[in-house]
Amino acid sequence: MTRIWKHRLFWPSAALLVLITINSIARPRFLTITMRDGDLYGALIDILRNSAPLMLVALGMTLVIATRGIDLSVGAVMAVSGAVALTVIDGSPDPGNLGTVLVAIGFAVLVALVLGAWNGFLVAALGIQPIIATLVLMLAGRGVALLITGGFITTVNSAPFSYIASGYLLVLPFAVFVSAAAIALIAVVERRTALGVLTEAVGINPEASRLAGVRSRSIVWGAYIVSGTLAGVAGIIYASNIRAADANSAGWLIELYAILAVVLGGTSLAGGKFSIAGTVLGVLIIQTLEATILFLGVPSAQSPVFFAIVVIAVVMVQSPWVRGGLSKLTRSRRPQAVAEPERTKVAA
Amino acid sequence: MSATMTQARSMPADRPTSRVQTFMSRHGAMTPTFAAVVILVLLLVGAEAFLRGDFITARTLSALLLDNAYLLVLAVGLTFVILTGGIDLSVGSVMAFTGILGAQLVASGVPVGIAIPAMLAGGSAVGLLIGVLVQRFDVQPFIASLAGLFLARGLAFVVSLASIRVEQPEILWLQQNRIRLGEWYVTPTGILALAVVAGAAVVLHLTQFGRTVYAIGGNEQSARLMGLSVARTKVSVYVISGFCGGLAGLLLTAYSGAGYPRNGIGTELDAIAAVVIGGTLLTGGRGYVLGSLIGVLVFGTIKTIISFMGAEQSWMQIIVGALLLLFIVVQRAIVARSVRRR
Amino acid sequence: MTMLVDTEVPPIVEMRGITIQFPGVLALDHVDFLLRPGEVHAIMGENGAGKSTLIKALTGVYSVDSGTMTVAGVKRTFASTADAQDAGIATVYQEVNLCPNLTVGENVMLGHVPRRGGTIDWRATHAEATRHLHSLGLTIDPRSLLSAHSIAIQQLVAISRAMVLQAKVLVLDEPTSSLDRDEVEQLFGVIRELRATGVAIIFISHFLDQVYEISDRITVLRNGALVGEHRTAELPRDTLVTEMIGRELDDLTALSGTAHRLIDRTGEPVLRAEGIGKRGVLEPADLDVYPGEVVGLAGLLGSGRTELVRLLYGADRPDAGHVTVHGAPAKLTSPRHAIDHRISFSSEDRRGEGIVADLTVAENIVLGIQARRGWTRKIRKSEQDALVAEYIEALGVRPANPDAVVGNLSGGNQQKVLLARWLATAPELLVLDEPTRGIDVGAKADIQRKVAELSARGLSVIFISSELEEVLRLAQRIAVLRDRRKIGELDSADVDLDGLIDYLANEHEGSVA
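Protein chains in written order, with our numbering: chain A, 1 to 348; chain B, 1001 to 1342; chain C, 2001 to 2513.
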């Protein structure tokens, strides 16, 4: 029995279960799923669909964090991706044409991939601290998105494009399939190939990995490319949802939500071992919490307060001081030691 | 110490050095700030030459300070934090929060004499929270301040979902009163901002606290071993940044005549860019508030140039981002070179 | 253990019966230490001897489990480094604990700067700093930034600061590691000044020549115990080195034939390095390794052995020299290059550069092969399981569980996992840097047996160990290094332990002070 307790997915699963339970007590119809015209509807379905952009971004963030890095530019990349896609569609003679939409999406995701590669270049090749390197794109990216849309919120009326966020495939929303596909793809690549283990090695002990011949540079670079690409797809889903490219709101604050999801899922911010399943749980927790807050009638603009409290609580509990205090109950006497001098200075 | 030795040792340390070498060894840290001054001058001259012949006028330059007073105050507070090697991503949201808070208070009849201190206290409280998280709970500054950003932004909307006009003459006076000296003019907001710069400079260079800030940025472990009150100082710099956020909220409210919860989205990045362009290293330990002043002026000049050119404001973010990147890459190259030389 | 008797001047620091126990390790075992004012006292011992633990006890970093500490006649217990500083004990570490972004004068005076009307009086600060620097015979511009100066100067500034704090005891921890000859002279001059004024100086260093030049007394520690305290002038080098590294029971007589195996040196060497060096790190050195040969590198800590092999492997980039592998020139400027040439390297820093602590035994063992195959070609589970099981068996890894997290294993078993990693890559040349340091006797024996067995089957090995018996036991040829220079080579069949110690301690080559 104790082994379940110690499993690292225990706490996130428990937290999610608690949230769902609270919701279903407060809102009896929470767990209800209805079928209409062959499609499933319900609060749970909404959560799954609405979590798609965050899911994609958080998956990419998990890989970047595993390499001891961070990607603060994902929101901005989402904005750029949406802007590119919508500009292509808007500028084409037939916005409703499936081919046009596919080209637009392809192009937008390609641009996002390039932006991810740019981040990877700064971090892996130039050795710039990830926080600072991605801060630049965080700053400039929205400007680029605004330029692309000419300063306006470009709207389109395109059935194939809107399908992405609101359409259904079989019985579930299409966006859920996108999420699931991303999760499956990443999980397979990370665990079926050696990429997962090598990434963890790079994050846990970069020097030992280097001496063992691991291609650390490529692995780190790759993580940022994946993060950028996933952010690009997330931007498409977001734009499809509002049928517009809003450079200012797209992905606003999504960085912190993604980091929070990763941390809730059990991956350490210090890098190393990571858990895709944990991140998935973390995203669902956040999305359920958001739905709860909205249901309670809190205006969505005010919801950041709740998340701030959650973040603060989580980091406080994970802090060495609290951990030390808890272990003091069972600690054997040992000579105290001054903290190791910091090798690298983290500017954030 | 007794003077039992016979002569001062002649050693590599006092190989006859040229005046240039002595100057560089004393003031080498000012090079990035000096570069910022050069950039500012180039911008002004360039605009004058290629844009409009009447760019450099008393009017334009006065407006430069007037329009960016709030950013200047933010940048000064941020300088303290960045000097210790930390970062504060919450300043824009704190500015919005305190701005709307103040507007709400005076709209409800609270006297200005209480509303303004309340704004400053609110900003400082957020700063204190961040500082405690960083120092006591060992949270990385960007996560702690990102949580502060969330908190302040959410609280701003809690105070009010819509903007609130401010009509109190005392507040509006700060912005509308113009003190003229010939062609030049300055407002109380501008004077306030410059006073903050001056005060910060005095603190950083002439007080134990200020020197501790630099020491922490240079080598926190050493500062601790040298007996400096590192813990207290690290928390204080975030309180200062929060306080400046509150002050900036006041300035911005006076400037726009209203509190608006959507204010300052992205302003923290502008402030960070201004600080970095002004020569403060993000790794901490080096930089000057005067440099941040220059950085804000560079920022404001670029904004003015863009508006004069009739180009879209979105260019602003791109250019600032590009400049920031340039400075960071150069900073990194300099650091890498000095490490290799050892 | 030599009984310490108080003679002449009463000691400034008296440590009696100091014992410090860490989980699983007795770091200090009833150690006595006496320090007299106006003397330079060197503490010597290899890694794990207890030197740094003793100093950390003295400077308030560690609290002692038992024993007493008396400073200037007053019994003391230090709860923190600040307490030790208040008692007049100042330390200058290798990584100079000052702030490089502040001026020299400010670093000297920080915390004690003169004020005027509530604010700092800079002119007075710099004047005072100049005064303190002068009293040590230094003329450094107090207004210059600390970072504008070399490490040597920065150390002198740190010492000046210690004098501002009126330290009675100055601990210098490896002060000369990054200094060139002139800078060492300068430092010694300052030390002599301080000694003349009655300051007691603890000098920790691996450089034998320097210790003999500057110190008045030497305390030797080994395995956490006090071996002896001597006047420097009365201690021959051989005795010092013997006290430091001691003698071990030879339970590996079965391997005695290894060192005497004949090596065929007529063909191409597997590796030939000519003039490999790096400024400030290692003087250019030559080294050849033939197929099936074990070349031992002997020397004390800090002599340059690790530096040399890191340069050979490409872990660090050399400034000078070139390398040929099987006669063909090879650019070994990164670990990947070395691995491509079938050279593997096991670092002496097991925890920092060896194991990936959070991964399992199996993942650690296959890391080398996996890295070489690239991320796309993952080793099949069945293949991995077989390989890992084979090595766990062959090297005797305990617990014999491939899914155990490596960080939880004992040092000896971690070392075996690392050895397995490198052996799994089927190298032609294996470089082992201190593979037996800090591990239990049984594991030490296992590893040495394995090395002997593999070399007999054709694997070339470069073997570094501070335990000279091990080197003599396994190596056919021994390269000796001292103070960052290779000073010679010996055929192990021609020399015994005493002879090797003598060579190491006394042999002079080239110009040495």
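Fair warning: there could be bad hints in the mix.
Unchecked claim - Listed below are several chain A residues computed to face chain B (Cβ distance under 7 Å; list not exhaustive):
{"no.": "1", "residue": "Leu-139"}
{"no.": "2", "residue": "Val-314"}
{"no.": "3", "residue": "Met-316"}
{"no.": "4", "residue": "Pro-320"}
Treat the hints as calculated values from the structure; they're not laboratory data. Owing to the predicted nature of the structure, the values given are computational and were not obtained by experimental measurement. Yeah, the Cβ is synthetic: ideal placement off N, Cα and C, and Gly gets one too.
Consistency of the hints with the structure:
{"no.": "1", "hint": "Leu-139", "result": "holds (4 Å)"}
{"no.": "2", "hint": "Val-314", "result": "violated (10 Å)"}
{"no.": "3", "hint": "Met-316", "result": "holds (5 Å)"}
{"no.": "4", "hint": "Pro-320", "result": "holds (5 Å)"}
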